[in-house]
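Chemist: So the sequence lines, in the order shown, correspond to chains A and B.
Heads up: the first sequence runs through residues 13 to 138, numbered per our numbering.
Heads up: the second sequence runs through residues 17 to 504, numbered per our numbering.
The set of hints was computed from the structure by calculation and includes no laboratory data.
Note that the structure is a prediction, hence the values are computed from the model and not measured.
Glycine included, each C-beta is placed from N, C-alpha and C at the ideal position.
The reader is advised that the hints may include incorrect statements.
Unchecked claim - Covered, in the sense of this in silico footprint (three residues per stretch, anywhere, with C-beta under 8 Å from a C-beta of chain B), are these stretches of chain A:
| no. | stretch |
| --- | --- |
| 1 | 40-47 |
| 2 | 63-75 |
| 3 | 78-88 |
| 4 | 115-125 |
Said to hold, decoys possible - Keeping only pairs whose Cα atoms sit at most 25 Å apart, straight-line, the calculated DSS-like set for lysine-lysine is:
| no. | chain 1 | residue 1 | chain 2 | residue 2 |
| --- | --- | --- | --- | --- |
| 5 | B | K145 | B | K209 |
| 6 | B | K145 | B | K491 |
| 7 | A | K96 | B | K452 |
| 8 | B | K40 | A | K133 |
| 9 | A | K88 | B | K443 |
| 10 | A | K88 | B | K40 |
| 11 | B | K443 | A | K133 |
| 12 | B | K452 | A | K133 |
| 13 | B | K40 | B | K452 |
| 14 | B | K452 | B | K491 |
| 15 | B | K40 | B | K301 |
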Amino acid sequence: MTWAHRIVAGCFIAASIVAGALLAPGCASARRDEPLVGPVELPTPELRMGQQVFMRHCYQCHPGGRAGVGPALNNKPLPAALIKTQVRQGLGEMPAFGTDILRETEVDAVADYMIALRQNKPDKRK
Amino acid sequence: MRPILCCAILASFACGCTALAPSKGGGQVIPSASRRVNPADIAVPPGYRVEVVATGLNFPTGVAFDDQNRPCVTEAGYSYGEVFTTPRLVRIEPGGRLAPIATGSPEAGPWNGVDFRDGAFFVAEGGEKSGGRISRIDANGTITPIVRNLPSLGDHHTNGPVVSADGYVYFGVGTATNSGIVGEDNFHYGWLKRVPDFHDVPARAVKLVGHNVTTDNPVTAEQGDTATTGAYVPFGTPTQPGQVINGRMPCNGAVMRVRATGGEPELVAWGMRNPYGLAFDAEGKLLVAENQFDDRGSRPVWGAGDLLWRIDRPGLWYGWPDFHGDRPLAWKDHYQPHGKDAPRPLLAERPNDPPAPAAVLGVHASACGLDVSRTDAFGFAGQAMVALFGDMAPEVGKVLEPVGYAVVRVDPSSGVIESFAVNRGGKTNGPASKLKTGGLERPIAARFDRTGTALYVVDFGQLAITPTGPTPVQKTGVLWRITREAAR
Numbered sequence: 013m014t015w016a017h018r019i020v021a022g023c024f025i026a027a028s029i030v031a032g033a034l035l036a037p038g039c040a041s042a043r044r045d046e047p048l049v050g051p052v053e054l055p056t057p058e059l060r061m062g063q064q065v066f067m068r069h070c071y072q073c074h075p076g077g078r079a080g081v082g083p084a085l086n087n088k089p090l091p092a093a094l095i096k097t098q099v100r101q102g103l104g105e106m107p108a109f110g111t112d113i114l115r116e117t118e119v120d121a122v123a124d125y126m127i128a129l130r131q132n133k134p135d136k137r138k
Numbered sequence: 017m018r019p020i021l022c023c024a025i026l027a028s029f030a031c032g033c034t035a036l037a038p039s040k041g042g043g044q045v046i047p048s049a050s051r052r053v054n055p056a057d058i059a060v061p062p063g064y065r066v067e068v069v070a071t072g073l074n075f076p077t078g079v080a081f082d083d084q085n086r087p088c089v090t091e092a093g094y095s096y097g098e099v100f101t102t103p104r105l106v107r108i109e110p111g112g113r114l115a116p117i118a119t120g121s122p123e124a125g126p127w128n129g130v131d132f133r134d135g136a137f138f139v140a141e142g143g144e145k146s147g148g149r150i151s152r153i154d155a156n157g158t159i160t161p162i163v164r165n166l167p168s169l170g171d172h173h174t175n176g177p178v179v180s181a182d183g184y185v186y187f188g189v190g191t192a193t194n195s196g197i198v199g200e201d202n203f204h205y206g207w208l209k210r211v212p213d214f215h216d217v218p219a220r221a222v223k224l225v226g227h228n229v230t231t232d233n234p235v236t237a238e239q240g241d242t243a244t245t246g247a248y249v250p251f252g253t254p255t256q257p258g259q260v261i262n263g264r265m266p267c268n269g270a271v272m273r274v275r276a277t278g279g280e281p282e283l284v285a286w287g288m289r290n291p292y293g294l295a296f297d298a299e300g301k302l303l304v305a306e307n308q309f310d311d312r313g314s315r316p317v318w319g320a321g322d323l324l325w326r327i328d329r330p331g332l333w334y335g336w337p338d339f340h341g342d343r344p345l346a347w348k349d350h351y352q353p354h355g356k357d358a359p360r361p362l363l364a365e366r367p368n369d370p371p372a373p374a375a376v377l378g379v380h381a382s383a384c385g386l387d388v389s390r391t392d393a394f395g396f397a398g399q400a401m402v403a404l405f406g407d408m409a410p411e412v413g414k415v416l417e418p419v420g421y422a423v424v425r426v427d428p429s430s431g432v433i434e435s436f437a438v439n440r441g442g443k444t445n446g447p448a449s450k451l452k453t454g455g456l457e458r459p460i461a462a463r464f465d466r467t468g469t470a471l472y473v474v475d476f477g478q479l480a481i482t483p484t485g486p487t488p489v490q491k492t493g494v495l496w497r498i499t500r501e502a503a504r
């Protein structure tokens with residue numbers, strides 16, 4: 013990928029993040045702790061693989077999808093395509109995870125897991 | 017060009033957000049002299065219940081259960097912030113009264129953990145001033161060291177311990193430094209003033225690349241004085257390419273073991289930064305919770321989450337100071353702090369390829385004491401319950417929200433981590449003092465009682481990180497108990 017492509021991809025992600033942040037209702041909490049909201053449902057092998065990829069590569073900076081040394085993920089309404097682009101390209105302090113680290117199927121799986129985690133909201137028990 | 021320019025501005029704004037945002041660590045609060053305690057402010061899975069066992073503990077760090085299944089707690093006698101008190105082992109009587117069993121020397125703290133086996137307690141005497149020791153404490157309070165002079169006068173201490181079924185006491189000794197080079201951060205912590213020649217000690221010989229760092233010299237009073245320092249040597253001592261640092265036992269940055277009756281310590285694992293929590297799983301394999309690198313000092317490292325290890329082969333090197341788990345710190349830009357140099361390798365040859373960790377926990381979570389659930393009555397059998405002390409930001413690096421301040425359960429076979437006990441209230445997690453609730457402050461140990469049906473959580477109490485450094489509040493420690501309703 014050329015630098016021009018990287019800049020365009022970065023701009024796309026940044027614009028989406030800014031737009032998402034503006035649209036996010038009241039900066040909702042990113043807390044998805046099991047004792048607070050119940051276990052996240054992972055009915056498929058792909059989602060369970062995504063969980064393990066997340067634990068190995070993402071959890072340390074975004075524990076439970078909350079903020080840590082990286083920003084919170086659970087309250088950002090990014091679609092899977094943008095999640096995957098950011099994983100591959102990195103952004104800001106986030107390093108890139110290239111094909112030498114994560115296979116395409118793993119990136120697909122981790123994006124799907126992150127969306128499942130994000131949707132595991134407190135109000136699901138109502 | 018205009019759309020691209022707008023996007024570039026947006027991108028730089030987004031990139032800069034996290035880089036420019038201030039740290040929001042859980043300890044960045046104004047310390048309070050009092051502490052409210054309310055189990056209802058702690059969330060646990062449905063069917064579990066939280067109770068208060070004791071309050072007013074002074075820097076508690078560990079719990080063990082005597083022959084009568086009574087909880088006995090170590091009070092450290094030292095806290096970061098250079099606060100020295102008297103280390104003690106106290107039994108918790110019904111109603112929460114503290115009955116002293118043994119009292120240590122004020123020089124011997126921090127007492128970092130305790131185990132009980134065959135009528136005696138085994139305590140890790142941290143050794144911030146006098147060197148680490150593993151000591152046996154009999155029922156009458158007699159303290160008998162079984163290992164002395166462990167090199168733990170620096171950033172990290174002598175920790176653990178846990179006694180194996182075959183009668184060995186396993187314990188950890190943390191490194192002197194963050195990442196191998198003594199620097200100004202160690203002066204700020206306090207120990208470099210006391211012991212200016214102290215440094216890290218490898219278990220086996222290591223060959224250096226000769227990387228040195230030049231910093232201000234806080235040891236001398238002269239303005240503008242600098243010091244050049246290499247790895248595994250005293251502050252102000254440079255190293256040469258190819259220089260060999262001889263190994264020595266006892267070392268630091270390692271897990272060792274000694275017979276409960278005493279003797280020479282044996283190496284179990286080395287190349288660990290701060291192996292704090294130790295426990296055996298159902299198969300008798302040792303699990304170790306290790307505090308990983310900080311973004312501070314002469315060789316700062318960014319983004320290195322704490323690790324849970326399952327020790328399969330004795331004597332292996334586990335990566336410190338050049339690896340985070342099985343990844344070298346030179347791995348792309350993943351460990352480069354913002355606006356600083358990437359950490360350069362210190363070793364010319366790696367002793368072995370480090371194995372992969374069992375789990376990678378949050379950066380700066382401070383994974384401390386742990387235990388393995390062993391009964392279906394409590395649930396989650398085979399999983400490790402790990403106490404997360406919580407970040408010490410901004411001292412250790414920046415965080416965007418509090419990290420830790422909870423008990424997590426970890427499946428060592430899959431590496432999956434789930435919260436088990438967390439504070440309610442607030443959009444973010446954090447210590448009770450930040451959330452203004454009566455919940456968890458800084459969990460430092462988790463251990464099951466002798467029946468395996470009650471998980472006790474040792475809560476160190478308030479430790480704020482103020483502009484002058486760590487500021488602990490004495491006698492705010494709590495012992496919590498978590499049980500499953502059906503098992504009661």
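Chemist: Which numbered hints turn out to be false for this structure?
Modeler: 4, 7, 15
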